[in-house]
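Engineer: For the sequence shown, my numbering begins at 1057 and goes up steadily by one.
Heads up, a few of these hints could be off.
Straight-line alpha carbon distances no greater than 27 Å define the calculated DSSO-like cross-link-like pairs of lysine-lysine that follow [to be verified]:
#1 Lys1111 <-> Lys1139
#2 Lys1119 <-> Lys1104
#3 Lys1139 <-> Lys1116
Pair ranges (Cβ atoms, derived) [as the list claims (entries may be wrong)]:
#4 Gly1074 <-> Thr1132: 15 to 23 Å
#5 Gln1144 <-> Ser1102: 14 to 22 Å
#6 Asp1058 <-> Lys1142: 36 to 44 Å
#7 Pro1103 <-> Gly1080: 12 to 20 Å
#8 Asp1130 <-> Val1150: 36 to 44 Å
#9 Gln1064 <-> Asn1100: 32 to 40 Å
#10 Ser1087 <-> Thr1146: 17 to 25 Å
#11 Ala1076 <-> Asp1130: 33 to 41 Å
By construction, these hints were calculated from the structure, which means they are not laboratory data.
Where is the CB? At the ideal position from N, CA and C, for every residue including glycine.
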Amino acid sequence: KDFYNVLQPEGDVTATEGEAVTLGCQYNSSSSNEYLYWYKQDGNNSPKFILSRFKIGEGKTIKEFEERFSSTLDSTLRSVPLKIQKLQLTDSAVYYCALRPTRTNVTLNVEHQRVPPVGSNLVVEMELWLWIILAALLFGEIKRKTHFNESIY
């Protein structure tokens, strides 16, 4: 049977500005590959992706976190601690360690875009400047016809 779980042993951590801190994350997985992710949630904001680490293949770190945030996945210890250097007050937040089981996946099917018949949506797609030109031409045509009709009488 498949099993997956994550444990963040520290709970609450208090550290001093300017120092470094390591937030622990242990995991168990029956999968041959592990995908682990760290997220930061401050205040009422949505969790923000920091980095990913994989047992096989490269993970990535978001640019804004590259300088001070790092992590190494140790598949023997089943650990992926998050190290934060030169702590700033803005680092105060809830940090989530997440494990993705490899058994879940999403399949994306991309189909060709259907081309509508020519002229079927021409009116909808006309730009404002095109309408102005058409209005000017139409107005000029009406004015010319009106002037021509007046000159007959």
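Engineer: Is it true that the CA of Lys1139 sits at most 27 Å from the CA of Lys1116?
Structural biologist: holds (15 Å)
Engineer: Is the hinted range of 36 to 44 Å satisfied by the C-beta distance from Asp1130 to Val1150?
Structural biologist: violated (23 Å)
Engineer: A range of 32 to 40 Å was offered for this pair. Does it hold for the Cβ distance of Gln1064 and Asn1100?
Structural biologist: violated (21 Å)
Engineer: Do Ser1087 and Thr1146 keep their Cβ atoms within the hinted range of 17 to 25 Å?
Structural biologist: violated (35 Å)
Engineer: Holds or violated: are the alpha carbons of Lys1111 and Lys1139 at most 27 Å from each other?
Structural biologist: holds (18 Å)
Engineer: Can you let me know if the beta-carbon spacing of Asp1058 and Lys1142 is within 36 to 44 Å?
Structural biologist: holds (40 Å)
Engineer: May I ask you to test the hint 14 to 22 Å on the CB atoms belonging to Gln1144 and Ser1102?
Structural biologist: Roughly 20 Å apart at Cβ, these two residues keep to the hinted range, so it holds.
Engineer: Does the Cβ distance between Ala1076 and Asp1130 fall inside 33 to 41 Å?
Structural biologist: violated (18 Å)
Engineer: Looking only at beta-carbon atoms, does the pair Gly1074, Thr1132 fall within the given range of 15 to 23 Å?
Structural biologist: violated (32 Å)
Engineer: Are the Cα positions of Lys1119 and Lys1104 separated by 27 Å at most?
Structural biologist: OK: Lys1119 and Lys1104 at ~12 Å, within 27 Å.
Engineer: Given the hint of 12 to 20 Å, check if Pro1103 and Gly1080 actually sit that far apart at their C-beta atoms.
Structural biologist: At roughly 18 Å between Cβ atoms, Gly1080 and Pro1103 fall inside 12 to 20 Å, so the hint holds.
In the structure shown, a violation is registered for the earlier hints numbered 4, 8, 9, 10, 11, in ascending order.
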